[in-house]
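Participant: Following the hints, position chain B against chain A.
The chain contents come next:
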Amino acid sequence: MHATLCDMITDLVQNSIEARATEITLEIKENDSNLNVVIADNGKGMDAETLQKARDPFFTDGIKHRHRKVGLGLPFLFQTAEMTEGTASIESEEGVGTTVTFQFDPNHLDLPEFGNLTTAAVTLMTYGYEGNLILKHQIGEKEYSISREELSDALGDLNDTESLLLLRQFIQGNEDELREV
Amino acid sequence: MAKMTLDELRKLREEKKKQMTQRDSNDKSAQIIIGMGTCGIAAGAKDAFDAFLDELESHNITDTKISQTGCMGLCFSEPTVEVDVPGMPRVIYGNVDDKVARRIVKEHIIGKSLVSDHIFDKPAVDIIK
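Listed in order, the protein sequences are those of chains A and B. Following the working numbering, the numbering of the first sequence begins with 1 at its first residue and continues without gaps. Following the working numbering, the numbering of the second sequence begins with 1 at its first residue and continues without gaps.
Fair warning: there could be bad hints in the mix.
Unchecked claim - Derived list of chain A stretches under chain B, where covered just means 3 residues or more per stretch with a C-beta under 8 Å from a C-beta of chain B:
1. 7-17
2. 113-127
3. 148-159
4. 170-181
Just so you know, these hints were derived from the structure itself, not from any lab. Since we're looking at a predicted model, the values are computed, not measured. Backbone N, C-alpha and C fix where the C-beta goes; we use that ideal spot for every residue, glycine too.
Excised from the complex, chain B in its bound form:
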């Protein structure tokens, strides 16, 4: 991959922004929050992170936000990921490897249907208290 300067980076970003404002913007964008605590990292949360980015890129979805958080109290089912798509219930998914991450983009974010076999109800009680 060719090395870029900061100025080139800035220009690219501005070009993309222009393209984005020309497109019809939906009212709210989807959000993906990846658990990146010691447990998440150890279980491969960074592979999931890269898979989310790759899959969003390949489907040309640019209005989704990806952020990170620490341990969500579900260390046994890491990597855990919370997905918030406007108009759908907020869902926490467990055991999200790269394949599941790609499914979440295709089925949940694009297809608007939950990836039922990886759903967790809510974080462990001692975390949300």
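Same shape as in the complex, but just chain A:
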């Protein structure tokens, strides 16, 4: 599985981008006993059969890499849920979109560390696609929300070094405030 939960989240949100979603929401809610993440998109979705196969690490749609026989993003999620007594689910409808939901116990010994959400958010916001990504992060009572549209509007070209540095500073500032006691 992935070394950090933020690595896993990055991988899963990329699935939404690759499903050509125009609207993706990443919602992370944390408190002392619960970590709840929902990734919802309006991408192309999957039929029931494909959805079932998507849990198999040896299944991939074969579009991106014609000769590759692995697809590890979702299997990593289900493996992590299984190993840490958490729950993970995926719902999808063809032509409508896909929603991935998981809930972990942040105190479980086998749970990978949370990781660096700032870098994960910066890379996801600047991954290079047309759609909108909304990030909502809540810890206890505090929360912030930011969307890719708002950021492009304020910064222009997001892949420019100057934008990337400002974007990182912006998200880090929000993250720091969330974690301030």
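Facilitator: Frame of chain A; chain B shown alone:
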């Protein structure tokens, strides 16, 4: 780090833009493309991403673009990074951890000389076909 509002972010960006246009602009800017597939992420591509940003910032280089792509077919040598500096050959580097990322900025982007011990020729054949 202090929290900013979107308006503050916008203002900062506009200030920086003004400074940039005052500077002599080179004809084309360098580009860094980081492989951020499952394999890249697992191998630490985000550490490389942060190291590139830090090193570019510390040398005051603001005209370089950093973008990302999926797996380049070199999963065994992740993180992989493609670097395109105008007037130099496009190069794919393998095993780019944070230290190598810093070397690429110093030696390749600033020094205009390749980081030879991390070069890959081109993506795996089944990917580029």
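Participant: The structure should be examined with respect to each hint, and the outcome stated for every one.
Facilitator: Hints, verified against the model:
1. 7-17: holds (count 4)
2. 113-127: holds (count 7)
3. 148-159: As far as the stretch 148-159 of chain A goes, the hint holds, because 8 residues have Cβ atoms under 8 Å from chain B.
4. 170-181: holds (count 6)
Every hint from the earlier list agrees with this structure, and none is contradicted.
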